[in-house]
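Residue numbers (UniProt numbering), protein chains in the order written: chain D, 1 to 370; chain A, 1 to 370; chain Z, 1 to 370.
Keep in mind the hints are simulated off the structure, nothing from the lab. Being a predicted model, the structure only gives us computed values, none of them experimental. Among the hints, a few may not be true.
Remember, identical chains collapse to one label, so a pair may be satisfied in a single copy or spanning two.
Here are the simulated lysine-lysine pairs, BS3-like style, with alpha carbons at most 27 Å apart [to be verified]: (1) K193 to K224; (2) K193 to K320; (3) K193 to K46; (4) K285 to K320; (5) K297 to K169; (6) K125 to K145; (7) K199 to K320.
Each chain, written out:
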Amino acid sequence: MSQSTLEEADIVSSVSPEPQGHNADLRRIRSNPDYWYPVAWSHELKSGKTIGTRYAGQPIALVRPLDGSVFALEDRCAHRQVPLSLGRVSGEAVQCCYHGWAYGRSGRCIDVPYLGKNKLPNGVKTYPCREEGGLIFIFPGDPAKAETTPFPALGSVRDPAYKTRRFGKKVACHYSFMHENLMDMNHQFMHMKQMGQMKPRFLGGKDEPTLVEARYSFARTSGKQPWGEALIFGERRDASERYAHRDVMTIRTEYPYQTLRIATGDEPPVMDLWIVYVPQDAEEKTCRVFGLLSVRKPKVGVVLDMAWPFLVAFTERIFKEDRDIVELEQAAWNELGGDHNQEVFPVINTLRRLLARCGVPEEQDTTRPT
Amino acid sequence: MSQSTLEEADIVSSVSPEPQGHNADLRRIRSNPDYWYPVAWSHELKSGKTIGTRYAGQPIALVRPLDGSVFALEDRCAHRQVPLSLGRVSGEAVQCCYHGWAYGRSGRCIDVPYLGKNKLPNGVKTYPCREEGGLIFIFPGDPAKAETTPFPALGSVRDPAYKTRRFGKKVACHYSFMHENLMDMNHQFMHMKQMGQMKPRFLGGKDEPTLVEARYSFARTSGKQPWGEALIFGERRDASERYAHRDVMTIRTEYPYQTLRIATGDEPPVMDLWIVYVPQDAEEKTCRVFGLLSVRKPKVGVVLDMAWPFLVAFTERIFKEDRDIVELEQAAWNELGGDHNQEVFPVINTLRRLLARCGVPEEQDTTRPT
Amino acid sequence: MSQSTLEEADIVSSVSPEPQGHNADLRRIRSNPDYWYPVAWSHELKSGKTIGTRYAGQPIALVRPLDGSVFALEDRCAHRQVPLSLGRVSGEAVQCCYHGWAYGRSGRCIDVPYLGKNKLPNGVKTYPCREEGGLIFIFPGDPAKAETTPFPALGSVRDPAYKTRRFGKKVACHYSFMHENLMDMNHQFMHMKQMGQMKPRFLGGKDEPTLVEARYSFARTSGKQPWGEALIFGERRDASERYAHRDVMTIRTEYPYQTLRIATGDEPPVMDLWIVYVPQDAEEKTCRVFGLLSVRKPKVGVVLDMAWPFLVAFTERIFKEDRDIVELEQAAWNELGGDHNQEVFPVINTLRRLLARCGVPEEQDTTRPT
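Whenever a hint applies, use it, and build me the whole structure from the sequences.
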């Protein structure tokens, strides 16, 4: 029995088998809006300013008054639908750039410069809004559920033992391709030029109602350990069995977020990634990545600071390869008009069922304009 | 009662109220083709040459023979539909660049170099064509109506007491957004950086079958008078009430044209603008602006000539702000799939009814290819 | 009786008349896939490499192993539909760049690095593939017909008495516009700047089930003979009748290929062009040209070598004029939503019938995804 089938046996024992036939095309499943989603980095929104952002085709104006917390409005003036994010912040209100209509934190229209106060028109939609870990989150779904919906843990971003890289770009694909990409470590093959030849071993996983987990170890089969990796894991001088399969990588989709942790034995993780893929357009064929990549500081912390630019460049190269391939997957989907994925790795089929189950089927999505 | 409600009272007395609910989306109303529309500047078409232009998706070849007036043909050779405007002018005819088919002023095919004269195929459509005030006009509608349809007055372009700036660009919006933009002087708010803070006062208007008028005066509430404005109105040394509300601005939509005049008392206008927004594409979501901005020459005329470059730069900055905002209005319309305008200014609702009444509803428009 | 009607009489005697009304729009007729089509130049595909190409919207990976002939696969991995042409050639197989799935010459999946050999999934489609005359051909239709379908003769590319220029670009039009352009030599009018004024005389043609032929002679009516032409035909010192109509140009569409030969009397042709227009997108509104332009070497062969760059520049200028005009024809078709061609030259109507008869009507084309 080959190594690869052993790996399969591992996974089959821990995750349920794939039923024949999906009911819906996974790439048509909309993200579930009843979760907290980041829509901007804190540093993008200066005090006394407003910026425009998006969630699944909905334009959102984020406003940071000189005093008080950030708030989020529908980014269309009630008058002529032009973006409020082009307007001026004045006190705790934002004034549309065109005719000066003003909106407060509640979305109510509080002034039209040429109209009596008793005749003010309706205002605009608001979104529950929170700022944590350098990210601005909104709750795009039913506002009544915002308070009781758990806020994500954001990895190790608040732990001073870690240094965190904030990264992310827009990627022209459905968010599900991103989840599949990260969880299927057999795609290590694609990063061979960056990482050398690594053989992943699947160690098992978990299948829970809103969580799928996959655990892997790795053995270097040829090539040298790259700089970037040595920075994170410490140097392994050779590819001998002595070091192989020592570190365990745990990847989780805890809907709608994803995490990746690398740890040796019971030690705290050397790397802790929290990442989410936020749909941009109404069809959710583009997403914006918000990633928090936390690396455990070594004893001599300055080493990590000095090496940081190399680590940034290394992760950018990896991320570019991933972005290119998932965009090609989306392009093939567009051309074929549907999902022709022929998945053979059980944990990915488990993940696909999770994403389909937790998301919103196209036909049931009544929250968007038709 | 506040100032703004007083203004409203003024307008309510002069224009009729807005009925509940439109029957058609204003942005789907096509421009009425039974009017004279400019399609090019005279200087664009050299003698013995031909150029291509557009009206609402219809390609038009303008031809200026060495002798005789400009004429206008459908810009598609009857043979293979390539643009005649790429051809050669030969006498009073234009010859298609591909196989040399030739068409005269009447649109008739008068020569195919490799065919007997008795076998000549059908020709192409023509448009009534006139050249006035540095503009080339066509009559895109029923040619039988061309003669009896009044030709527009073109402001003060022919009056030697004025110097005229010809300007215009393509703007990616339905022409109705342009009419609304100019007539609602509350959008002065948007030009604050260029003009300083100005408070408009609505003085009343007119509501006639093919005309809507709005009159305003202004008071500077802060900031200095800009250069460009001083050139047109003469310098007002301070923002005191002494100068406030002295000049009257009269804006008219006289379908399908628009004018804006600024005058003090019974004196001739210091500024006289004639402007029209000519649909370019078949869906009329892009228009080309043709504007004639006439400024009354001061006693020492050379002052205006010297200041002209500054006036050009000033008006370009204003026009850019207007263009950006109306294109955002169109973009919002595209995204929402319809008009969500929530108008509170009665004269604009009056204008909207005029444009809807005088234009051609989408479903009745049988003149365009389906 | 004029010259042009004489020419018509000639053609009427040799080709059948145009029946009233086509059943289908020629620009909606798909190319018949049961022929050999080139999809790449040999020099584009290095040994041990793979490249991606297209036939009518079908992505094709061409693979050149270090040993053995080129083969052609569907350019989508069976797993996640990403291009195999981005993968690595390993022995006689190509390995997908993403997760390393490997495919052999037969299209069968022969390895998934993390799966047992007894569980390998289905592979991908293959195309019969041949390499001749510096071109890589595939047979996109029914593979059972590949062996018995005649392979094209490729003009004089293999004859050492000729020097051949390989040329071609993508052109944004249906292939039928290209056939019509080349066969209707009345379009000489368009190349007047490059060639001077030339009067074509139609000498007759042929109308066979899969072939249409047109023969022409030419007389220079004004202007000087251009360099490029003199290189091909030899210098004609004046435009006198002595040289007029001496050379005969024979243009054939022998479905789906086209040829153009110029010869004087019974001598071998001075120029022999073989050309084909391969549809790129699924709607066949873009084609890629593959042309083999063979010029007979003069007694002192080095003259042709020295003059070659001038000949290349001359033919590029001609080809650019042709490309621009056929793209305008396609643009007019797109705008009008159909073919409004009003053809008066009988041989072109004969050609149109041939292309319609040999191609595949849109509705019968069941081989493409809907």
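Status of each hint after checking the structure:
no., hint, verdict
1, K193 to K224, "within (11 Å within a copy, 60 Å between copies)"
2, K193 to K320, "within (13 Å within a copy, 42 Å between copies)"
3, K193 to K46, "between (40 Å within a copy, 21 Å between copies)"
4, K285 to K320, "within (18 Å within a copy, 33 Å between copies)"
5, K297 to K169, "within (26 Å within a copy, 56 Å between copies)"
6, K125 to K145, "within (16 Å within a copy, 50 Å between copies)"
7, K199 to K320, "within (21 Å within a copy, 53 Å between copies)"
Violation of the numbered hints given earlier is absent; every hint is satisfied by the structure.
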